[in-house]
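Guided by the hints, dock chain B onto chain A, whose structure is given.
In order, the protein sequences belong to chains A and B. Take the numbering used here: the last position of the first sequence gets the number 300, and nothing is skipped along the way. Take the numbering used here: the last position of the second sequence gets the number 295, and nothing is skipped along the way.
Note that these hints are calculated values from the structure, not bench results. Errors might be hidden in some of the hints.
[What the hints assert, rightly or not] Distance windows between CB atoms, simulated:
no.: 1; chain 1: B; residue 1: LEU123; chain 2: A; residue 2: ASP228; range: 46 to 56 angstroms
no.: 2; chain 1: A; residue 1: SER198; chain 2: B; residue 2: GLU169; range: 24 to 34 angstroms
no.: 3; chain 1: A; residue 1: SER198; chain 2: B; residue 2: VAL280; range: 44 to 54 angstroms
no.: 4; chain 1: A; residue 1: GLY196; chain 2: B; residue 2: VAL275; range: 41 to 51 angstroms
no.: 5; chain 1: B; residue 1: ARG288; chain 2: A; residue 2: ALA131; range: 52 to 62 angstroms
no.: 6; chain 1: B; residue 1: ARG288; chain 2: A; residue 2: LYS114; range: 28 to 38 angstroms
no.: 7; chain 1: A; residue 1: ASP228; chain 2: B; residue 2: ILE53; range: 54 to 64 angstroms
[As the list claims (entries may be wrong)] If you want the footprint, here are the derived chain A segments under chain B, 3+ residues with CB under 8 angstroms:
no.: 8; stretch: 102–108
no.: 9; stretch: 125–134
no.: 10; stretch: 152–166
no.: 11; stretch: 205–217
Backbone N, C-alpha and C fix where the C-beta goes; we use that ideal spot for every residue, glycine too.
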Amino acid sequence: MDSSRFSETATVTDSNPEPRTSAEAGAGRPGPTISFGAEGPAKSLKPAREVGNVALESLHAYYGSNHAVRGVSLGFPAGKVTAIIGPSGCGKSTMVRCINRMHEEIPGARAEGKVMLDEIDLYDPSIDIVAVRRSVGMVFQKPNPFPTMSVIDNVTAGLRLTGASRSEMDDRGREALVGAGLWEEVKDRLKGPGTGLSGGQQQRLCIARALAVDPEVMLMDEPCSALDPVATLKIEELIGELKERVTIVIVTHNMQQAARVADTTAFMLGGELVEVGATDKLFTNPDDDRTEQYVTGKFG
Amino acid sequence: MSPGEGHALMLDRGNLKRRNRVNRVVTISSTAAALFAVAVLVIVVTSVVTKGIGAISLHFLTTPMGLFGDTSGGISNAIVGTAIIVGIAAVMAIPIGLLVAIYTTEFAPPRIGHAVRFALDLLNGVPTIITGIFVYGLIVVPQKHQSGFAGSVALAIIMLPIVARTAQEVLTLVPATLKEAAHALGIARWRTTVRVTLPTAAGGLITGALLSVARVAGETAPLILVCSIFGQGVLTEPGQALASIPVFIFQSSESPSPEAHTQAWAAASILIAFVLVLNVVARAFYARSRKRMGA
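Next comes chain A alone, as it looks inside the complex (with noise of 0.2 angstroms):
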């Protein structure tokens, strides 16, 4: 069972030593996957959202002789979303593989600058890159679960190949696919393959496999561009779940989406970020003039 979420139910029954117990806790409680609020899985899992604050400084990122980033400063907050947009190439994509370290896997990929998760500069050289993908989930474009594994064990993947022990992964498995939404759609197949759910579903096996290893910032980079508009939403609306307990960087090509989700849009171009705002003004009020031409669709 999962100890850590039943625990203060377990000192009331420990008065009340009823077979029944167990079944009504589980019954009794609000769906886990509805609830979000202050007694929700979340808090379980992060007991606040002081920490997960991401800054860039400065951000420059290369492939070869390619200057794709150009010195990017920009922050995003704890128990927020930002979302990226910009047109293709524009390094949106480049930039956000900088935060957790993926951009240098590409050969003759580097970058230069600083990313601060909270106090760390995770370029600093004493960083270990496994803590910092640990600390930093991602979710790709396509949905991309482990075809060789079932269910349950995607979603531990991240903790099984880093040595977690036996005994924490039912739980946090669980734990994770009631955060990603697809607990009560799964929860009968958890031994089956993966690869078997709709792509929706896979997509949030896949965010469920990010959250399991419980990270303070995820990744998204345009994680509904190969869904059809109900798994879209489906996927929106666990991003207004999720920033309660991960600080949410989403990049988009879809602009309608980026004013659904974020509370924070920053648009780039040409490798450089040329606006960043809270979302309402920067589609409807922004200060520079590129700004509004993509917005409204004048290019890009």
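Using the frame of chain A, we list chain B on its own:
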């Protein structure tokens, strides 16, 4: 003329007829080439089987061959010998081939990967008689006698580039997005390889290994050099020379006796059947693998 006369669609642009003609010629000739390839296979298999079927019997499969010129025996010692020689070769070549493929596709810098690939292609192109002479000098001469082990080494050298090259092809088919997902979870590189990449590619890797076995099971030239003078009865000690199906076919076909020729055809039928079965099994594994990789 037709009602569409003068319409842009009806204008004769001069070369339409010619293009249609070229199209027809190429379609027909490529279809004919494909039929020819299939026909060759059918002719080879049917002629081998019809000529050998008379000698195939349980006795043939379960009795060791007689002394030279005596055609009352069978090929049990050759079947056992081929199994041992090819088995040892597979044990040597498949793990090394897989490791080479994993290194070049997952870990090596691109330039080294290309160099290794090129070297493997060259090794694959070496005539097998050369491999046989090499192993003859390497093992048979110092030991002063032939051995099944020497045969295994020769076959392993022939297998290695086949295993490695097919494994490379299969590993590069594993979607980069899966490796990316694993890296983004903080999973170490070697662990990603062992737990994500290899299981995803497993079917294709098995296919490559099986095809390499099928390829060397009928290899004759190196075995004639390093493993063809063997004793009577079913031998299993790889330190001494062992009988093998290809060498049996070769030696029987050299014999003046028509019965021996029939036995050669029969052994050839057995060999072809084995290779066909291996190919079918290999295809099944490959189909499974492609499904996993979303191809």
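Task: Range agreement (Cβ of B:VAL280 with Cβ of A:SER198, hint 44 to 54 angstroms) - done: Once the Cβ atoms are compared, 34 angstroms apart, the range 44 to 54 angstroms for B:VAL280 and A:SER198 is violated.
Task: Within 8 angstroms of chain B's CB atoms, at least three CB atoms from the stretch 125–134 of chain A: coverage verdict - done: holds (count 6)
Task: Given coverage of the stretch 205–217 of chain A by chain B, tested with a Cβ cutoff of 8 angstroms and a minimum of 3 residues - done: Contact hint for the stretch 205–217 of chain A vs chain B: holds, 4 residues under 8 angstroms.
Task: Pairwise beta carbon distance, A:ASP228 to B:ILE53, judged against the given window 54 to 64 angstroms - done: This hint holds: roughly 59 angstroms between Cβ atoms.
Task: B:LEU123 versus A:ASP228 beta-carbon gap, inside 46 to 56 angstroms or not - done: Given a distance of about 50 angstroms, which is inside 46 to 56 angstroms, the answer is holds.
Open item on the list: 41 to 51 angstroms was suggested as the range; check whether the CB atoms of A:GLY196 and B:VAL275 agree with it.
Closed with: violated (36 angstroms)
- [ ] Given the hint of 52 to 62 angstroms, check if B:ARG288 and A:ALA131 actually sit that far apart at their C-beta atoms.
- [x] Check failed, 37 angstroms falls outside 52 to 62 angstroms.
TODO: Please count how many residues of the stretch 102–108 of chain A have a CB within 8 angstroms of a CB from chain B and say whether that reaches 3.
DONE: holds (count 3)
TODO: Given the hint of 24 to 34 angstroms, check if A:SER198 and B:GLU169 actually sit that far apart at their C-beta atoms.
DONE: Hint holds: Cβ distance 31 angstroms, inside 24 to 34 angstroms.
Open item on the list: Holds or violated: the 28 to 38 angstroms window for the beta-carbon distance between B:ARG288 and A:LYS114?
Closed with: violated (47 angstroms)
Open item on the list: Verify this for me: three or more residues of the stretch 152–166 of chain A with a beta carbon less than 8 angstroms from a beta carbon of chain B.
Closed with: Our answer is that it holds, as 4 residues pass the Cβ test (under 8 angstroms) against chain B, meeting three.
Hints 3, 4, 5, 6 from the list above are not met by this structure, while the remaining hints are.
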